[in-house]
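Go ahead and model the full structure; you've got the sequences and the hints to work with.
Protein chains in written order, with the numbering used here: chain A, 1 to 361; chain B, 1 to 69.
For the record, the hints were derived by calculation from the structure and aren't laboratory data.
Possibly wrong hints are sitting among the right ones.
No farther apart than 20 Å at their CA atoms in a straight line, the calculated lysine to aspartate or glutamate pairs in the DMTMM-like style are these [claimed, not checked]:
#1 A:Lys58 to A:Asp87
#2 B:Lys42 to A:Glu187
#3 A:Lys107 to A:Asp121
#4 B:Lys42 to A:Asp186
#5 A:Lys284 to B:Glu55
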Amino acid sequence: MTLNTFKSTIFSVLFLATTFVGFASENSDPTEDKEFNAKEMILHHVKDAHEFHLWDWKGKPVSLSLPVILWTDNGLTTFSSSAFHHDDSGKVIVEKNGGKFVKLHEKIYQLDANAQEVAFDAEHHPTNASMPTDISITRNVFMMWVSVILLLVVFLSTAKVYKKSNDKVPTGIAGFIEPLIVFVRDEIARPMIGEHKYKKYMPYLLTIFFFIWINNIFGLIPILNGANLSGNIAFTFTLAIFTFIITTISGNKNYWKHIFWMPGVPVPMKIFLMPIEIIGMFVKPISLMIRLFANITAGHVIILALMSLIFVFKSVAIAPVSVAFSLFITVIEIIVTAIQAYIFTILSALYFGMATEEEHH
Amino acid sequence: MTITGIAAIGAGLAAIGAGLGIGKIGGSAMEAMARQPEMHGKIQSSALILAAFVEAVALFGVVVAFLQG
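Structure, rendered in structure tokens:
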């Protein structure tokens with residue numbers, strides 16, 4: 001065994017030990033030696049994609065292609081993302097259903113009718129292509145469905161256990177799930193919403209708790225290449241909107257009085273507080289959205305940045321330090337997955353509690 | 001200095017703020033737990049919630065830095 005193969009073996013073992021397997025090279029041509037760009041690599045991993053890029057084998061990427069589904073002027077257009085041959089710079093043109101499509105930075109563009117190739121302006125935006133409505137099953141959509149199926153299987157089998165054995169000690173999967181459900185009920189719903197009203201909100205709180213948690217964990221699984229679902233602002237936006245709608249609908253007289261005509265303060269102060277409270281109504285879900293998105297994305301970026309240090313310094317000597325640190329951060333991230341799910345749930349419960357609080361006499 | 005450099009300084013300042021805030025919360029929570037060990041659970045959960053509030057403000061800074069950097 002030569003020193004080089006020994007080095008590369010050690011390196012691969014260390015590399016596999018950490019979270020993100022396989023660096024996505026944008027170019028499948030092995031002869032072209034591109035300068036390593038940490039920022040580009042990190043953004044590529046954090047963003048949504050049309051394929052699961054697993055690893056590079058002899059310069060060729062190994063990946064699972066996902067279907068591209070577009071709604072264009074000619075109706076529904078579908079093809080496999082493998083038609084792009086891993087190109088992400090708009091060079092490969094796919095002709096389908098009377099339209100020409102290119103993939104540029106993981107976005108699908110449709111070329112104008114008489115265009116032969118993509119032309120760019122000074123800021124690298126295409127000038128002769130438009131974006132059709134893209135309803136593709138991307139990496140994030142795929143992982144969301146996987147998590148939904150997994151949650152359904154786990155919770156339906158848990159429910160079955162209780163159906164069979166009423167009042168007995170839960171067995172099997174229910175033995176693991178019951179303490180978590182009791183935790184959400186006794187530590188989150190009861191103290192935050194109140195003894196009398198918490199039952200109505202339990203289904204929603206349990207759903208978001210487990211949904212966020214499982215998707216946070218999926219984001220850390222190496223082979224899935226960090227399907228960064230809960231680090232996607234559209235995902236957190238949707239969850240925050242649900243919390244906002246439920247808070248607004250369940251708001252009672254007392255809640256609205258505290259927003260529009262704060263009791264117990266002088267009239268000028270009431271007028272002064274009204275716009276602040278109205279802004280506060282919208283800031284709460286926005287902060288929920290940003291908190292989850294930024295926490296998860298920041299975690300991924302830190303791990304990938306530590307891994308990039310090896311390539312930035314171009315030295316194997318830096319590998320032990322960088323691997324140890326990214327392992328440490330990964331362990332912290334595993335705790336963060338649970339903490340962020342807990343915080344999203346407890347703050348939602350807190351807002352529901354504020355909306356349904358009765359007047360003090 | 002480029003805009004990326006300024007964005008990095010901004011993210012660093014946000015981190016200092018969050019560090020001070022969460023450090024204060026953590027310190028006080030530890031002190032409170034030492035005084036009243038029987039309140040351990042309650043103090044811990046409210047400390048976590050408060051830390052999340054402080055952290056959110058810092059993360060707003062980080063997001064702005066992301067957008068600019």
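TODO: Take a quick look at whether Lys107 (chain A) and Asp121 (chain A) sit within 20 Å of each other, Cα to Cα.
DONE: holds (17 Å)
Open item on the list: Check the hint pairing Lys42 (chain B) with Glu187 (chain A) against an upper bound of 20 Å on the C-alpha distance.
Closed with: Cα-Cα ~9 Å, so holds.
Task: Lys58 (chain A) paired with Asp87 (chain A) [C-alpha distance capped at 20 Å] - done: Judged against 20 Å, a Cα distance of about 17 Å means the pair holds.
TODO: Compare the distance between the alpha carbons of Lys284 (chain A) and Glu55 (chain B) with 20 Å, and conclude whether the hinted pair is satisfied.
DONE: It holds: about 14 Å lies between the C-alpha atoms, which stays within 20 Å.
Open item on the list: Just to be careful, I want the Cα atoms of Lys42 (chain B) and Asp186 (chain A) compared with a cutoff of 20 Å; is the pair within it?
Closed with: At roughly 12 Å apart (the allowed maximum being 20 Å), Asp186 (chain A) and Lys42 (chain B) satisfy the hint.
Hint compliance for this structure: every hint is met.
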